[in-house]
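If you want the building blocks of each chain, they are given just below.
Protein chains: 2
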Amino acid sequence: MSRPSPLQGGITIAVDAMSGDHGPSVCVPGALEVLREQPALRIALVGMPAALDAALASLDGGLRARIEIVPATQVVAMDERPRDAIRRKKDSSLRRAIDLVAAGRAAACVSSGNTGALMSTAHFVLGMIEGIERPAIVSKIPASGGHTCMLDLGANISASPAQLVQFALTGSVVAAELLGRPRPRVGLLNIGSEDIKGHEIVKAAHLLLQQGSLGYVGYVEGSDLFTGVVDVVATDGFTGNVVLKTCEGIAEGMFGLVRRELDATPLARLGAAIVAPALRNVAHQIDYTEVGGALLAGVARPVVIAHGRSDAAAIASAIRSAATFVACDLAGRIAVALVEPA
Amino acid sequence: MSRPSPLQGGITIAVDAMSGDHGPSVCVPGALEVLREQPALRIALVGMPAALDAALASLDGGLRARIEIVPATQVVAMDERPRDAIRRKKDSSLRRAIDLVAAGRAAACVSSGNTGALMSTAHFVLGMIEGIERPAIVSKIPASGGHTCMLDLGANISASPAQLVQFALTGSVVAAELLGRPRPRVGLLNIGSEDIKGHEIVKAAHLLLQQGSLGYVGYVEGSDLFTGVVDVVATDGFTGNVVLKTCEGIAEGMFGLVRRELDATPLARLGAAIVAPALRNVAHQIDYTEVGGALLAGVARPVVIAHGRSDAAAIASAIRSAATFVACDLAGRIAVALVEPA
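Residue numbers (the working numbering), protein chains in the order written: chain A, 98 to 439; chain B, 98 to 439.
Calculated from the structure, these hints are not laboratory results.
Take the hints with a grain of salt, since some may be wrong.
Which copy is meant is left open, so a pair is good if it fits within one copy or across any two.
List time: in silico SDA-like cross-link candidates among lysine to any residue, alpha-carbon distance up to 20 Å [said to hold, decoys possible]:
1. Lys-294 with Pro-179
2. Lys-294 with Ser-255
3. Lys-294 with Ala-174
4. Lys-300 with Arg-178
5. Lys-300 with Ile-254
6. Lys-294 with Ile-183
7. Lys-294 with Met-175
8. Lys-300 with Ser-290
9. Lys-300 with Ser-310
10. Lys-300 with Leu-354
11. Lys-294 with Asp-181
12. Lys-294 with Ser-257
13. Lys-294 with His-404
14. Lys-187 with Asp-176
Produce the complete structure using the sequences and hints provided.
This is how it looks when you write it as structure tokens:
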């Protein structure tokens, strides 16, 4: 008798358990957290069996039965070139996790590993949704009164007008699901709101989007990312990545400034003790580890990218996102949206 | 006897007194503030004489003698196309202020008007420093332990590798003056720090900068803007403008979140009252109106762009910057840096 397929009894998510800065020490607890919440979920933990067996040793039988350990003898390094990872690391945890999805043994994959390698491998192994040329990284960013979905956050170094339109469409489907908005408002990132602003690529995409059927509201600027005026912001991967890292940098920088000021005098320290919970609430709202990882949108099956620095909570959050995208048939919905009348 | 030239007795700065959201009501007090500080400074206030005469009516003779009112009958609207401003607004306060610089009657110009019109007019009337192809907007942004000079913040929608190198060089000369660093550390904004990252333009600029004589430290990412690892960040005007507006947006958004949390409970409100001075210090450190406006670098004479929303303090700060750039012969120093052995 062979072991039952992980697909029986619900959705299986493949987790690259060797990935990120902390590997199994955060991937296993993160997986267990979501398994406890979602009784129908199964997880395939991909990695070195010795390490994973040890991490699961004390587990009770009920949870253990919903976990499959899938062996992989290699690990893709964080600085490895994507091409080298594809060629030389065919037994890596990253590759094996994606292979499980390609084979139908898992419905989606989560990794906090080398983003470039994950992207290239997913593109190569899983292929793209028909009508989408390039994968794009999409994530929620905190905005006034909720979140804004932004893409591409760095899967590509540039984008054609047609690709920007594909990003807008993909982002719209993702935002409908993640933000619960039936008709998301979509903006195109530019350096001004007037029609004459911007370079030729952004202008051409603007014209295409104006003719399309999305809830396109026009150009938005960097200052609009956080005001909640749109649900989706589409841009090329160079600009999107710089913006994402700028947000992370300024948030850290501002908290550093606040900390320094609040520690400057005894009275400020007293006040700081009182307002600490309020400031922690703010930090929590803008914490990128809480937003469920980033989705590699456009590939044929959901692939969720967690931050390399992820802790167990961030891995759990990424697994929840992956399960959500599977449950709503994200890839199918993007494919349908692509062929809807413009 | 004609009135003495404003150039006698020190530096004259031309101020477009009709510009920005508040015109003479902030430009005149801003000018007076700097005139009181700097006894050798003269200011040419350019605009409608009736409005300016009224604003200066109660002034004592000593200050009044260092102010010349230069009449202009037109005002460039904030949404006017630069080309239209150049063609149809030859008697605008913006144009007349730049004409004063071209005629040698003022050494530099300050305006909080239409940035595109100011840029195009300055480029057209004053010309470029030899060896610099395009103007670039450069400003200080708050960073850990000081400031970082960033350019181009939106004078152009793209940049060639050679232009990125020119921005790096210009930024280096500006940072040496503004930050008091004899050999500024220069970074090129990219989406990763490894040599293989980025698009062809940024890679080509990287190679050129590695061969040059600047204090070039290599690629930096969005998160490095605020850490103080470099003194100058060079990028194209599209990316730079999006980053600048993202910074403004996230700073406002975070303060909004902090305000809301600090107002949520009576205890939080008590704490907020205690920490208010500390938070105001932080707000002050990241306040863009305090950084002295932005310089339109590369044109043959200093042109300082103040924010359209400038108050009198921001106009004063921009005038101080203009005077500093004149005193250090910025244009001459950039020209010298261009011909130094690579």
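Q. So which hints don't hold here, by number, going up?
A. 10
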